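Engineer: As they're listed, the protein sequences go chains A and B.
So that you can map any letter, position 52 of the first sequence is 52 in our numbering, and since no number is skipped, the others follow by simple counting.
So that you can map any letter, position 191 of the second sequence is 191 in our numbering, and since no number is skipped, the others follow by simple counting.
If you are wondering where the hints come from, they were derived from the structure by calculation, not from laboratory data.
A portion of the hints provided could be inaccurate.
Here are the simulated DSSO-like pairs of lysine-lysine, each with C-alpha atoms no more than 30 Å apart in a straight line [said to hold, decoys possible]:
#1 K153(B) with K95(B)
#2 K69(B) with K154(A)
#3 K154(B) with K154(A)
#4 K154(A) with K153(B)
#5 K176(A) with K69(B)
#6 K89(B) with K29(B)
#7 K95(B) with K176(A)
#8 K154(A) with K96(B)
#9 K90(B) with K153(B)
#10 K89(B) with K154(B)
#11 K154(B) with K176(A)
In silico negatives: residues of chain B with every beta carbon more than 10 Å from chain A [what the hints assert, rightly or not]:
#12 T93
#13 P99
#14 A151
#15 R177
#16 P191
These numbers were taken from a predicted model, which means no experiment stands behind them.
Glycine included, C-beta positions come from ideal geometry on N, C-alpha and C.
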Amino acid sequence: MSFAARPGRAIFLAAFLLLVPLLTGCGLILGTTVVAVGAVGVAGYTVYKAGEGVVNTVVPGDSEKPAEKPAEPETALAKEATQTFPNPKPKPSTAVVYYHNEFRAQLDCGIEQAYATANSTLPRMALVINGHALNGAAGEISAQTVEDVPIVLKMQSAGPRSTMLSIRVGANGDLKYSQLIYNLIKDDLGRPASSSPAAGGQEL
Amino acid sequence: MIRAVSFLCLGVFLLASGCASRQARQSVKPIPGVTNASLHILVDHTRRLPRSGTFDWGVCFFQIPSELKVDLAVLDQRLHEALLQELNKKGFTQKKQQPDYLVGYAVAGGDNVNELSLDAAYGADLVMPPLDPSTAIRYQQGVLIVDIVDARKKRLLWRGAITAGIDLNVNEEQKQRRIRAAVAELLRHFPKV
Numbered sequence: 001m002s003f004a005a006r007p008g009r010a011i012f013l014a015a016f017l018l019l020v021p022l023l024t025g026c027g028l029i030l031g032t033t034v035v036a037v038g039a040v041g042v043a044g045y046t047v048y049k050a051g052e053g054v055v056n057t058v059v060p061g062d063s064e065k066p067a068e069k070p071a072e073p074e075t076a077l078a079k080e081a082t083q084t085f086p087n088p089k090p091k092p093s094t095a096v097v098y099y100h101n102e103f104r105a106q107l108d109c110g111i112e113q114a115y116a117t118a119n120s121t122l123p124r125m126a127l128v129i130n131g132h133a134l135n136g137a138a139g140e141i142s143a144q145t146v147e148d149v150p151i152v153l154k155m156q157s158a159g160p161r162s163t164m165l166s167i168r169v170g171a172n173g174d175l176k177y178s179q180l181i182y183n184l185i186k187d188d189l190g191r192p193a194s195s196s197p198a199a200g201g202q203e204l
Numbered sequence: 001m002i003r004a005v006s007f008l009c010l011g012v013f014l015l016a017s018g019c020a021s022r023q024a025r026q027s028v029k030p031i032p033g034v035t036n037a038s039l040h041i042l043v044d045h046t047r048r049l050p051r052s053g054t055f056d057w058g059v060c061f062f063q064i065p066s067e068l069k070v071d072l073a074v075l076d077q078r079l080h081e082a083l084l085q086e087l088n089k090k091g092f093t094q095k096k097q098q099p100d101y102l103v104g105y106a107v108a109g110g111d112n113v114n115e116l117s118l119d120a121a122y123g124a125d126l127v128m129p130p131l132d133p134s135t136a137i138r139y140q141q142g143v144l145i146v147d148i149v150d151a152r153k154k155r156l157l158w159r160g161a162i163t164a165g166i167d168l169n170v171n172e173e174q175k176q177r178r179i180r181a182a183v184a185e186l187l188r189h190f191p192k193v
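Just chain B, same shape as in the assembly (with noise of 0.2 Å):
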């Protein structure tokens, strides 16, 4: 008797501790500069997602208030530095001519950012998820996001979303470090989950 209440006991200890440590694995690690972070991930599960291959830079979206007076080509060259880095350690090259997949992001702030709306901004000529208007997700905060897309079917395969509140009053450098942090935790799922 005493065997048959170990070997339950076993059972419901493993099947609690997979279900902790599947958890953990989906938890967002801290970011400087960041607070409240979250992740969200949309993947095309028809198909196998890449290990390594070929890209390029895809759309770039930028939604973020005047009064921020943002230079977008400076933090254009940090994301794409960024992206870079990441995806080369991942086994990705960029590749001008013919490259395999697209690599683009977002970056928005405020609460008028809509799912719907990044989407329209990538035009006719990719192929988005078939999003519900009533289900779209409306990004309350700073939200960055990269989108992994097939460069040939243009159709969106992966896409990563980390949702934040940003702190503005941070230096250069710390601003870089929080970029590369924040793509370095966005791949960190990419191609897995």
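Next comes chain A alone, as it looks inside the complex (with noise of 0.2 Å):
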């Protein structure tokens, strides 16, 4: 029986016709984002995002939001960082690592300026200096508080003006100490503390 004798038969095959490149259009939009995976060179790993899936940006994801908005600039992380700094383009903040109860971060000197002033600074504090070194691009600082809990310092020069500072506090760490000895660290280097956040302060 010939199609022309069922018209409906007809036009059931071309409505079946018409899903299949959809479908397999489906598909290759599937294709494409894996090939997009790799392409952004995030290999064995695929990305998501909020909204749709497979993008290597980020874009604001709440949907009731009007999409032509844009994400605003000035969030309140911003806001307040432009307003507190005097320079109009503040400078980048300390990246702070606290990892197996060790607390690291920069500081913008040399080794030989860091050690010298982590070495006046401890005794400020109240801590009891037990020994130092400073051997060439490494530096060490043992000190210990009134209630015998053992301090370490070290220092690894990272470049002329750059030194990553490491310290210890006791066996399990303290990260409120550390953040404490680090910033008074960097206030006595005689620079504006621009990038170390303060403890006692707000959280987020």
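Join these two chains into a complex; the hints should help.
Structural biologist: Pasting the structure below:
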């Protein structure tokens, strides 16, 4: 029986044929996104964002907001930083890493200056220095509190004006006290404390 | 003929509704004290994501302007409490000795936060996805990132990032609630996306 004789079946077939490329199109899109993941260099990983899948940029995901409205550049964080800094362009924030009970952050000075400053800062905090050594690009200071809690500061040169400082307080670490030591050393370096979060302040 | 057209309409409808539901699942739930929130999730698709297991804390990373005078210890405590609560709900328990996974986080603000700098902070002992510098994500607002890392192989399995504008003029209780909501929203997509 020919399709001419059964027009309903012919239309059904046409409808089916129309759906096939539509479905295949979705498959192609899926394939394209997988390629895109490879193209952004995240081998073995898939990236998702709110709203739709597999892109490498971050966009507002709240669908209730107008899509064309850009993300506000003046967020609460950015706004406050701009207001506080006298310079129009604020300095980048220092990264602080806390891992395995050890506090790590950078100081914007050479290792000799960092070492000398730390040696003068610790006694001002009523810490007793038990030993210290500076050997070229690396330095270490051992101290203790009046309660005999051991404190170890290690310094590693990261450039002529950059030193990586690590602080360990006791065996289990103390983020708050480590932050305090770091901030006081930064203050003593005679630079504006532009990047160190001060202990005892507000929290996010 | 009517039947054929009906089939066609039904097919198109099902296709369209399927796409719509997928879109809705990926939306960001409202978080108090947060504006313009968006999610970004990186998943290691070469292995099955864990559904349960033990974990301990991994790297804690802060990049916050000093002017905000943030007490990192309090922020750290709040984040750990929120993460512990959500992970316990999902069947993960904290174990200090030989955990299956390390759960790390990064908190950053301003416009200088780059995915590459975050990766660099983890140090050489963790296997991170090889990002192309030209395509690395530059977070433009406040960001909270949670990482799930295979503790034995030191490989990143899952990374969830939530970026948003943050209202600082809220009280302590609201801050705690905000962190819990943000962590819950992020981990809603773990282990499934």
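Engineer: Hint by hint, say whether it matches the structure.
Structural biologist: Hint-by-hint comparison with the structure:
A C-alpha spacing of about 17 Å is found between K153(B) and K95(B), which places the hinted pair at or below 30 Å, so the restraint holds. Taken as a hint, the K69(B) and K154(A) pair is honoured in the structure, with Cα atoms around 25 Å apart against an allowance of 30 Å. For the suggested pair K154(B) and K154(A), the alpha carbons sit about 25 Å apart, so the restraint of at most 30 Å is met. A threshold of 30 Å between alpha carbons decides the hint, and for K154(A) with K153(B) the separation of about 28 Å falls inside it, so the pair holds.
Distance hint between K176(A) and K69(B) is fulfilled; the C-alpha atoms sit about 13 Å from each other, no more than 30 Å. Distance check on the hinted pair: K89(B) and K29(B) sit about 19 Å apart at the alpha-carbon level, within 30 Å; holds. Proximity of K95(B) to K176(A) is assessed by CA-CA distance (about 23 Å); at most 30 Å being required, the pair is judged to hold. Only pairs whose Cα atoms come within 30 Å are accepted, and K154(A) paired with K96(B) is accepted, the gap being roughly 25 Å.
Taken as a hint, the K90(B) and K153(B) pair is honoured in the structure, with Cα atoms around 22 Å apart against an allowance of 30 Å. Distance check on the hinted pair: K89(B) and K154(B) sit about 24 Å apart at the alpha-carbon level, within 30 Å; holds. For a cut-off of 30 Å, the pair hint linking K154(B) to K176(A) stands: about 27 Å separates their Cα positions. T93(B), annotated as away from the interface, keeps every beta carbon of chain A farther than 10 Å; the closest lies near 20 Å.
Residue-level check passed: P99(B) sits 13 Å from the nearest beta carbon of chain A, beyond 10 Å. Against chain A, the non-interface label of A151(B) holds: every CB pair exceeds 10 Å, the least being about 13 Å. The claim that R177(B) lies off the interface holds: its Cβ sits roughly 12 Å from the closest Cβ of chain A, which is beyond the 10 Å cut-off. Listed as outside the interface, P191(B) is consistent with that label: its C-beta sits roughly 13 Å from the nearest C-beta of chain A, beyond the 10 Å cut-off.
Every hint from the earlier list agrees with this structure, and none is contradicted.
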